[in-house]
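Residue numbers (numbering that gives the first Met the number 0), protein chains in the order written: chain C, 0 to 112; chain V, 0 to 177.
Hints were generated in silico from the structure; no laboratory data involved.
Note that beta-carbon positions come from the ideal geometry of N, C-alpha and C, so glycine has one too.
There's no promise every hint is true.
What the hints assert, rightly or not - Which bits of chain C does chain V cover? Going by a derived footprint, with three or more residues having C-beta under 8 Å, they are:
id, segment
1, 28 to 37
2, 66 to 76
Stated by the list, open to error - Some residues of chain C that are not near chain V, with every Cβ distance over 12 Å (derived):
id, residue
3, 52
4, 86
5, 89
Claimed, not checked - Pair ranges (Cβ atoms, derived):
id, chain 1, residue 1, chain 2, residue 2, range
6, C, 50, V, 88, 31 to 37 Å
7, V, 85, C, 70, 57 to 63 Å
8, V, 93, C, 71, 43 to 49 Å
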Amino acid sequence: MTSRPAPGRIGVAVALACAGAVAACEPPRAPGHHRVAIRSLAFEPARLAVSPGDTITWTNRDIVPHTVTGSGGGWDSGGLDTQESFTMVVGEDRIGAYTCRYHPTMTGILIQP
Amino acid sequence: MNTLRTLGAALLGLVLAAPLAAQSDLDDLEMAHVAVVASEIDIAYAHLALAFSRNPEIRRFAETMIRDHTAVNGQVVALAEKLNVQARDNAMSRQLLADAREVKDRLSRLRGEAFDRAYAENELAYHRTVNGVVADAFIPNIENGEVREAFRGALQIFRGHERHAERMVEAVGGMMGG
Chain C
0 MTSRPAPGRI GVAVALACAG AVAACEPPRA PGHHRVAIRS LAFEPARLAV
50 SPGDTITWTN RDIVPHTVTG SGGGWDSGGL DTQESFTMVV GEDRIGAYTC
100 RYHPTMTGIL IQP
Chain V
0 MNTLRTLGAA LLGLVLAAPL AAQSDLDDLE MAHVAVVASE IDIAYAHLAL
50 AFSRNPEIRR FAETMIRDHT AVNGQVVALA EKLNVQARDN AMSRQLLADA
100 REVKDRLSRL RGEAFDRAYA ENELAYHRTV NGVVADAFIP NIENGEVREA
150 FRGALQIFRG HERHAERMVE AVGGMMGG
């Protein structure tokens, strides 16, 4: 004799199946691409909302060299001469404050929305 | 020991605190030469710091001064070439050099923390004074638009140096002055 699931369990199963179908139809969020200008010894914008997988390109618009360096030193662009750029893919470990090694009064921050 | 800071700032102040009218009597080429000489002086101070200091804050600041003032002077030279002119020597730039020789002589007699404090305090006083002259006496009186924009851009850099120098003075226990 075949046992039949309780009506409540049938409803939950159907709901889950529907939710799964909807989720399967939603396209994954495309990675964002952000740009930061380095100008007059400042990062513009200094505060940037990003998600893991996004890319950020910093471009040095100053006449003096700069770096883009994660606070704690986890990541670093190396020296950027005028008009040079540095592009980075955002990882969870890169969210947070950053600075310029040559000009420590310059600060920027990457935050998650 | 605040005698070096007092001497350096006083000497610089005597030169650069001449009546603004006198400073503004300089033409664009003479002001450009003063700016170049002021940068060369700071580069020379920075080389002293790299020779005598082991403090990482001092050394980082000095390396930045060499890097940045070299870049700024390169821009001045490039602009002069573009405009087909040459920056012109003048009494103010000559006095700056003469005073800087005295400051370098006194700095070079110091070592250790005494050198670090003296260098840091001199850098802060120097940047404050030079930035004031550039902002108040030079920029308003520069005739050529490209030269004026170049000075404005350089002033933003030098104001950043002033903020960095404040941090350096705090780090080595120096006196901020005012």
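Here's how the hints hold up against the structure:
1. 28 to 37: violated (count 0)
2. 66 to 76: violated (count 0)
3. 52: Residue 52 of chain C is indeed farther than 12 Å from all Cβ atoms of chain V, at 33 Å.
4. 86: holds, 23 Å
5. 89: holds, 27 Å
6. C/50 <-> V/88: 31 to 37 Å: For residue 88 of chain V against residue 50 of chain C, whose Cβ atoms are near 57 Å apart, the range 31 to 37 Å is violated.
7. V/85 <-> C/70: 57 to 63 Å: violated, 45 Å
8. V/93 <-> C/71: 43 to 49 Å: holds, 48 Å
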